[in-house]
Amino acid sequence: QTDEYELDGMTFGMPEAEVFTEDYDGPPVVGEYLTMLPNLKPLDYEGNKHHEVRIDIIAQEIEVADGVKYKAWTFGGTVPGPVLHVKEGDRITFVMKNRSDEEVTITEPTKEGSPFMQQVAENNFMNAQPGTMPMPHSMDFHAGTVAKDDKWRSISPGESITFDWVANYAGSYIYHCGTPSVLMHTAMGQHGVVVVSPKDGYGTDYEVDKEFVVVQSEYYLKKGAGDLYQYDFEAAQSVNPSHVVFNGHQTILHDRPLEASAGDRVRLHVSNNGPSGTSSFHVIGAIFDRVWLEGHPFNEMRGMQTVLLGASSSATIDFIVPEEGKYILIDHEFADAEKGATGTLKAGPR
Amino acid sequence: QTDEYELDGMTFGMPEAEVFTEDYDGPPVVGEYLTMLPNLKPLDYEGNKHHEVRIDIIAQEIEVADGVKYKAWTFGGTVPGPVLHVKEGDRITFVMKNRSDEEVTITEPTKEGSPFMQQVAENNFMNAQPGTMPMPHSMDFHAGTVAKDDKWRSISPGESITFDWVANYAGSYIYHCGTPSVLMHTAMGQHGVVVVSPKDGYGTDYEVDKEFVVVQSEYYLKKGAGDLYQYDFEAAQSVNPSHVVFNGHQTILHDRPLEASAGDRVRLHVSNNGPSGTSSFHVIGAIFDRVWLEGHPFNEMRGMQTVLLGASSSATIDFIVPEEGKYILIDHEFADAEKGATGTLKAGPR
Amino acid sequence: QTDEYELDGMTFGMPEAEVFTEDYDGPPVVGEYLTMLPNLKPLDYEGNKHHEVRIDIIAQEIEVADGVKYKAWTFGGTVPGPVLHVKEGDRITFVMKNRSDEEVTITEPTKEGSPFMQQVAENNFMNAQPGTMPMPHSMDFHAGTVAKDDKWRSISPGESITFDWVANYAGSYIYHCGTPSVLMHTAMGQHGVVVVSPKDGYGTDYEVDKEFVVVQSEYYLKKGAGDLYQYDFEAAQSVNPSHVVFNGHQTILHDRPLEASAGDRVRLHVSNNGPSGTSSFHVIGAIFDRVWLEGHPFNEMRGMQTVLLGASSSATIDFIVPEEGKYILIDHEFADAEKGATGTLKAGPR
Ligand SMILES: [Cu+2]
Ligand SMILES: [Cu+2]
Ligand SMILES: [Cu+2]
Ligand SMILES: [Cu+2]
Ligand SMILES: [Cu+2]
Ligand SMILES: [Cu+2]
Ligand code: NA
Ligand code: NA
Ligand code: NA
Ligand code: NA
Ligand code: NA
Ligand code: NA
Ligand SMILES: [Zn+2]
Ligand SMILES: [Zn+2]
Ligand SMILES: [Zn+2]
Ligand SMILES: [Zn+2]
Ligand SMILES: [Zn+2]
Ligand SMILES: [Zn+2]
Ligand SMILES: [Zn+2]
Ligand SMILES: [Zn+2]
Ligand SMILES: [Zn+2]
Chain A
90 QTDEYELDGM
100 TFGMPEAEVF
110 TEDYDGPPVV
120 GEYLTMLPNL
130 KPLDYEGNKH
140 HEVRIDIIAQ
150 EIEVADGVKY
160 KAWTFGGTVP
170 GPVLHVKEGD
180 RITFVMKNRS
190 DEEVTITEPT
200 KEGSPFMQQV
210 AENNFMNAQP
220 GTMPMPHSMD
230 FHAGTVAKDD
240 KWRSISPGES
250 ITFDWVANYA
260 GSYIYHCGTP
270 SVLMHTAMGQ
280 HGVVVVSPKD
290 GYGTDYEVDK
300 EFVVVQSEYY
310 LKKGAGDLYQ
320 YDFEAAQSVN
330 PSHVVFNGHQ
340 TILHDRPLEA
350 SAGDRVRLHV
360 SNNGPSGTSS
370 FHVIGAIFDR
380 VWLEGHPFNE
390 MRGMQTVLLG
400 ASSSATIDFI
410 VPEEGKYILI
420 DHEFADAEKG
430 ATGTLKAGPR
Chain B
90 QTDEYELDGM
100 TFGMPEAEVF
110 TEDYDGPPVV
120 GEYLTMLPNL
130 KPLDYEGNKH
140 HEVRIDIIAQ
150 EIEVADGVKY
160 KAWTFGGTVP
170 GPVLHVKEGD
180 RITFVMKNRS
190 DEEVTITEPT
200 KEGSPFMQQV
210 AENNFMNAQP
220 GTMPMPHSMD
230 FHAGTVAKDD
240 KWRSISPGES
250 ITFDWVANYA
260 GSYIYHCGTP
270 SVLMHTAMGQ
280 HGVVVVSPKD
290 GYGTDYEVDK
300 EFVVVQSEYY
310 LKKGAGDLYQ
320 YDFEAAQSVN
330 PSHVVFNGHQ
340 TILHDRPLEA
350 SAGDRVRLHV
360 SNNGPSGTSS
370 FHVIGAIFDR
380 VWLEGHPFNE
390 MRGMQTVLLG
400 ASSSATIDFI
410 VPEEGKYILI
420 DHEFADAEKG
430 ATGTLKAGPR
Chain C
90 QTDEYELDGM
100 TFGMPEAEVF
110 TEDYDGPPVV
120 GEYLTMLPNL
130 KPLDYEGNKH
140 HEVRIDIIAQ
150 EIEVADGVKY
160 KAWTFGGTVP
170 GPVLHVKEGD
180 RITFVMKNRS
190 DEEVTITEPT
200 KEGSPFMQQV
210 AENNFMNAQP
220 GTMPMPHSMD
230 FHAGTVAKDD
240 KWRSISPGES
250 ITFDWVANYA
260 GSYIYHCGTP
270 SVLMHTAMGQ
280 HGVVVVSPKD
290 GYGTDYEVDK
300 EFVVVQSEYY
310 LKKGAGDLYQ
320 YDFEAAQSVN
330 PSHVVFNGHQ
340 TILHDRPLEA
350 SAGDRVRLHV
360 SNNGPSGTSS
370 FHVIGAIFDR
380 VWLEGHPFNE
390 MRGMQTVLLG
400 ASSSATIDFI
410 VPEEGKYILI
420 DHEFADAEKG
430 ATGTLKAGPR
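Protein chains in written order, with the numbering used here: chain A, 90 to 439; chain B, 90 to 439; chain C, 90 to 439.
It should be emphasised that the hints constitute simulated quantities derived from the structure, not laboratory data.
Heads up, a few of these hints could be off.
Which copy? The list can't say, so a pair holds if one copy fits it or any two copies do.
Heads up, simulated SDA-like pairs for lysine to any residue below, C-alpha to C-alpha not over 20 angstroms straight-line [claimed, not checked]:
#: 1; residue 1: K237; residue 2: A349
#: 2; residue 1: K435; residue 2: D238
#: 3; residue 1: K415; residue 2: D239
#: 4; residue 1: K237; residue 2: D316
#: 5; residue 1: K435; residue 2: D298
#: 6; residue 1: K415; residue 2: E107
#: 7; residue 1: K299; residue 2: T221
#: 8; residue 1: K237; residue 2: T433
#: 9; residue 1: K435; residue 2: T110
#: 10; residue 1: K138; residue 2: D321
#: 11; residue 1: K311; residue 2: Q326
#: 12; residue 1: K435; residue 2: N388
#: 13; residue 1: K237; residue 2: E348
#: 14; residue 1: K435; residue 2: D239
#: 15; residue 1: K130; residue 2: Q208
#: 16; residue 1: K299; residue 2: L96
#: 17; residue 1: K237; residue 2: T251
#: 18; residue 1: K130; residue 2: K312
#: 19; residue 1: K415; residue 2: D238
#: 20; residue 1: K415; residue 2: D190
Generate coordinates for the entire structure from the input sequences, incorporating the hints supplied.
So this is what it looks like as C-alpha cells:
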C-alpha cells in the first residue's frame with residue numbers, strides 16, 4: 090500500500106479499502122450532501138470538509154417510461170443514484186453495503202441524516218418497489234484518484250466495503266459499478282454523479298440564480314415474459330438503445346420541469362453517463378453563455394449552441410433565460426431525442 | 090410576454106411572434122445577406138444593422154446524388170437553405186410563409202432584393218422542380234435567444250409568421266424546422282446556417298483570402314414506388330444514413346470545387362446539421378491553423394488535424410493552402426465518407 | 090509545382106514526389122526515430138533535424154486477438170505501423186516501397202539503423218508471418234502539409250515513392266493509406282502515428298516520468314473459409330466492428346502492461362485511428378491532470394475524467410499515478426470496451 094503523500098497540492102495514497110460485514114438495515118443512502126436529481130445541495134461550509142457517505146446497493150422495480158418497468162440494479166434505490174456534492178480538496182469516507190439480496194423499501198419517511206431518502210419519499214416518480222437480485226457489485230468514483238485493486242473491488246451480497254478518497258480535481262464526474270460486464274451493470278442502472286465544486290469557483294458564480302444537475306443515459310430494454318422489461322444484451326452490444334433519457338425517466342423532466350424566470354442565469358451540471366452513446370446537448374431557445382468542459386473552471390468555452398459529450402463526460406453550463414416560456418433540453422442527435430432525451434425548463438416572468 | 094431588456098450587453102425579450110395571412114407570391118427568399126452555399130455575403134456595414142429577412146417554406150423535387158431525387162421539404166427551395174450572414178448584435182425581423190401547398194418555381198431570374206434566388210437561377214445543380222406537400226412547419230434559429238412557444242411555433246400551409254430576434258452571440262449556428270418529428274423534418278431538408286460574425290472579429294481576419302460555408306448532413310432515403318426516393322423512417326431511427334453529404338448533394342463539392350491558391354489562408358465555416366451523426370471534419374493535405382469551436386472567437390484551438398463536430402455543432406476553421414493541387418474535405422469517419430461526405434478544394438499556383 | 094516558401098515561420102511547397110523502382114530488399118522500416126508501440130524514441134538533438142525515413146508496405150498474417158488471425162495490409166509489418174517521432178520544424182525525406190507482392194520476414198535480427206525491426210524481432214506478439222497480397226497503396230501523413238496529388242499518390246507493387254515534408258505543426262497525427270476504399274485500407278491495418286513534439290515543449294515536460302503511445306482502432310473481421318479471418322465489408326459500412334483494440338491487439342496491453350510507479354507523471358499520446366468510431370478515452374482510477382487536444386500545446390485542458398476523440402483525432406495526456414496498483418485504459422463507450430478497447434498500466438510502489 091502506498092503511504093499518503095502530497096503532490097502539486099493534491100493528496101494521493103489512500104489507506105487500503107476494507108471489506109467487512111455489518112448488521113446494518115438503515116436507510117440505503119446517508120449523507121448531508123446527497124440529493125435526488127435534479128437537485129444539488131449547496132455547500133454551506135468554509136474550507137474543506139471530511140464527508141461520511143453511505144450508498145448501499147439495492148434492487149428495485151422501477152418505471153423508466155410510461156408502462157415500462159424493470160428490475161433495476163441501483164445505488165440507493167433510484168436510477169441514476171444520488172448526487173453527491175463536495176468541494177475540491179474534500180475527503181470522503183465512503184461505505185457501501187451490497188444489499189441486492191434484501192428487500193429494501195425506499196419510500197418511507199426517514200429520519201435526520203438522509204435528505205436523499207426524504208426526497209425520494211416525497212417524490213417517488215419511478216414508483217420504486219423493493220425487489221431482490223443477488224449479485225456482486227462495486228463502486229468506481231471517477232472523481233477519486235485511487236487504485237481500483239482494492240477501492241473499486243466487487244463485493245458479494247451481504248458484504249460491505251469502506252474506503253477513503255480525496256476530491257483532488259474540480260468537475261462533474263460520473264460514478265458507476267465497475268463489475269463485469271460493466272456495460273450491463275451501468276445499463277442496468279448503476280450510475281450517478283459527483284459534483285466537485287472548484288475551491289475558487291467559476292467566473293460567473295455570483296450571477297447564478299438556479300442550479301440543476303441533468304444526467305443523460307441509455308436503457309437497453311426489451312419486453313420480458315411477464316410485465317417487466319429486461320436487459321437486451323444484443324441491443325446493448327450494438328448500441329441500439331430502447332430509451333435515451335434525462336434523469337433516468339423518459340418524461341420526468343416534462344412532468345416535473347426545471348423552473349426558472351426570464352433573465353435568470355441558469356447553471357446546469359450535465360453528465361452523459363452512457364454507457365455507450367454521445368450526447369449533443371442543447372437547450373432550445375438558449376445559447377450557452379459559458380461552458381466548462383468536464384466541469385473544470387480552466388476549460389472555459391463561450392457562446393455554444395450545443396456541447397458534445399462522450400460517454401462519461403460532463404460539462405458545467407451557464408445560460409441566460411431569454412424570456413417567459415418553455416425551453417427544451419435535448420440531445421440534438423435527433424434519433425436519440427426521439428427515444429426520449431428531452432426535458433423542459435419552464436420560465437416564469439422576469 | 091417579457092419586455093425587452095439588456096443583460097451583459099445583450100438584448101432579450103422579443104415582442105410576441107405574429108401569425109397572419111398574406112397575399113404573397115414573390116420570391117421565397119428575400120434579403121441582402123442571404124446567399125447560396127458555399128458562399129457568404131461579406132458584411133459591408135459599420136456597427137449594427139436591422140435586417141429584414143424572408144425565408145418561405147416550399148416543397149421541391151431535388152437531386153441529392155446522381156439518380157437520386159426526392160420531394161424535399163425546404164427553406165427557400167434548396168437543401169440546405171440559404172446562408173444568412175449577420176454581425177453580433179444585429180437585429181433580424183424574420184418573416185416566413187408556409188407555401189408547402191403551392192407550386193413555387195425557384196429557377197427563374199429574379200429582381201433586386203434576392204441575391205439568393207439569383208444564385209439558384211444561375212446555379213441550379215439540384216435541378217429543382219416545383220412540388221407540393223402541404224404540412225405544418227416552423228423555424229428554430231439556434232442563433233436566436235427567444236422562447237420557442239411563440240417564435241418557433243408551427244404554422245399551417247397558407248399561414249405566415251413574423252418575429253424579431255437579436256444575434257447576441259457570435260458563431261455559426263444551424264437553423265431547422267422544429268415541428269415533430271424533428272428527426273424527419275430536418276432529414277427531409279429543413280435546415281441551414283446563420284453565420285454571426287463577432288463584433289471584434291477573429292485574430293487572423295486580415296490574412297484571410299477565401300471564405301466558404303460547408304454544411305454536413307445526412308439523408309435517410311430509400312427507393313419509392315416511382316422514380317422518386319422517399320424518407321426511410323427505420324434508417325433514420327437507427328442512424329443508418331443512405332447519404333452523408335456536404336452542401337446537400339453527394340458530389341457537388343467535387344463537381345464545383347471550392348477554389349483558392351497556394352499560400353492562401355482559407356476560412357471555412359463548417360456546420361454539422363445532423364440530424365443525428367457526428368463529423369470528424371478533416372482536409373486532406375492541410376492542418377487547421379486555427380479552429381474556433383462553434384465559431385466563437387473565445388474558443389480558439391490551434392494545429393488540429395481534425396475537428397469533431399456533434400449534431401448541431403460548428404467550427405470556424407482557418408488553414409493555409411500548402412501548394413498547388415487538390416485538397417479533399419472529408420468526414421474522417423470513413424464509413425460516412427464512403428456515403429458521400431467528401432468535397433474538393435482546388436488550389437491554383439501561388 | 091509550387092516553389093518552397095515560408096509563411097508564419099512554417100515551410101510549404103515541397104518538391105514533386107518521385108515514383109521510381111529500386112532494387113531494395115532490406116528491412117522494411119529504417120530510421121532512428123521509429124519505434125514499435127507503445128514506445129516513443131526520445132529526441133536527443135538540439136534544433137531541427139532532417140530525417141530519412143523508410144516505411145515499406147508488406148502483407149503479413151498477424152494475430153489481433155486470441156485465435157483471430159488475418160492477412161493484414163501493413164506499414165512495416167505491424168498494425169498499427171511504426172511510431173515516428175520528430176520535432177516541430179523538422180524535415181522528413183520519406184521513401185516507401187510497395188512490397189505487397191513480396192514475402193518479407195520481419196522477425197529476424199536486424200542491423201543498425203532499424204530500431205523498429207529490432208523491437209519487432211524481440212517482441213513479436215502478433216506472430217507475424219510473411220504473406221503476399223499485391224495491391225496499390227499510398228501514404229497520407231496527417232502531420233504533413235502537402236498536396237495529395239503527388240505525395241499521397243498510389244503506387245503499384247514493385248514501385249517506390251519518395252517525397253519530403255516538413256512537420257509544421259506540433260501534435261500527434263495519424264498516418265494511413267489513402268487508396269480507395271480508404272475505409273478498407275485503414276481497416277485492413279494501414280495506419281500509424283507521428284508524434285511532432287513542440288519546439289518549446291508542454292508546460293509539464295520536466296515532471297514527466299514515463300511516456301507512451303496508445304492507438305485505438307477498429308477491426309471489421311469475420312470468419313473466412315480457412316483458418317484466417319477476413320474483412321467484413323458490411324460490418325465496416327455499418328460501423329459494427331468485430332474488435333476495438335489498443336495498439337492493434339485485443340489483449341496486448343494486458344499481456345504486456347505499461348509500467349510506472351506510484352507518484353509518477355505518466356504521459357500518453359493517444360490517437361484514435363478509427364477508421365470510423367469515436368473513443369471516450371479514460372483511465373480507471375486516474376484523472377487527467379493535463380490534456381492537450383490533438384497534441385498541440387495551445388489546446389490545454391485540465392482535470393478531465395475522459396477525453397472524446399473523433400476518428401483521426403488525438404490527445405496528449407498527463408496524469409499522476411495515485412498509488413500502487415493496476416490502472417485500466419478504456420474506451421468508456423462500454424460497447425467498444427467489451428470488444429477489446431482496454432489495457433493495463435501497472436504501477437509499482439513509490
Ligand atoms: Cu454492479
Ligand atoms: Cu435545434
Ligand atoms: Cu418542417
Ligand atoms: Cu486522413
Ligand atoms: Cu492501402
Ligand atoms: Cu468509469
Ligand atoms: Na478517477
Ligand atoms: Na422525453
Ligand atoms: Na438559441
Ligand atoms: Na462525395
Ligand atoms: Na496534413
Ligand atoms: Na482487451
Ligand atoms: Zn478528516
Ligand atoms: Zn439573476
Ligand atoms: Zn446521443
Ligand atoms: Zn431596428
Ligand atoms: Zn494571403
Ligand atoms: Zn460522421
Ligand atoms: Zn535538410
Ligand atoms: Zn516524478
Ligand atoms: Zn468508441
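Here is what the structure says about each hint:
1. K237 <-> A349: between (41 angstroms within a copy, 16 angstroms between copies)
2. K435 <-> D238: For K435 and D238, the Cα distance is within 20 angstroms only across copies (11 angstroms; inside one copy 45 angstroms).
3. K415 <-> D239: between (47 angstroms within a copy, 10 angstroms between copies)
4. K237 <-> D316: Neither: 38 angstroms inside a chain and 38 angstroms across chains, both beyond 20 angstroms.
5. K435 <-> D298: Within. Shortest intra-copy distance 14 angstroms satisfies the 20 angstroms Cα cut-off; inter-copy 46 angstroms does not.
6. K415 <-> E107: Answer is between; shortest inter-copy Cα gap is 18 angstroms, intra-copy 49 angstroms.
7. K299 <-> T221: neither (38 angstroms within a copy, 46 angstroms between copies)
8. K237 <-> T433: Cα proximity of K237 and T433: across copies only (12 angstroms, versus 38 angstroms in one copy).
9. K435 <-> T110: neither (47 angstroms within a copy, 30 angstroms between copies)
10. K138 <-> D321: neither (42 angstroms within a copy, 55 angstroms between copies)
11. K311 <-> Q326: For K311 and Q326, the Cα distance is within 20 angstroms both inside one copy (14 angstroms) and across copies (17 angstroms).
12. K435 <-> N388: neither (29 angstroms within a copy, 29 angstroms between copies)
13. K237 <-> E348: Intra 39 angstroms, inter 16 angstroms, cutoff 20 angstroms: inter-copy only.
14. K435 <-> D239: Classified as between: cross-chain Cα gap 14 angstroms, same-chain 45 angstroms, threshold 20 angstroms.
15. K130 <-> Q208: Classified as within: same-chain Cα gap 12 angstroms, cross-chain 55 angstroms, threshold 20 angstroms.
16. K299 <-> L96: This pair counts as between: shortest inter-copy Cα distance 17 angstroms, intra-copy 35 angstroms.
17. K237 <-> T251: within (13 angstroms within a copy, 49 angstroms between copies)
18. K130 <-> K312: Classified as neither; 37 angstroms inside a copy, 54 angstroms across copies.
19. K415 <-> D238: For K415 and D238, the Cα distance is within 20 angstroms only across copies (6 angstroms; inside one copy 47 angstroms).
20. K415 <-> D190: neither (43 angstroms within a copy, 30 angstroms between copies)
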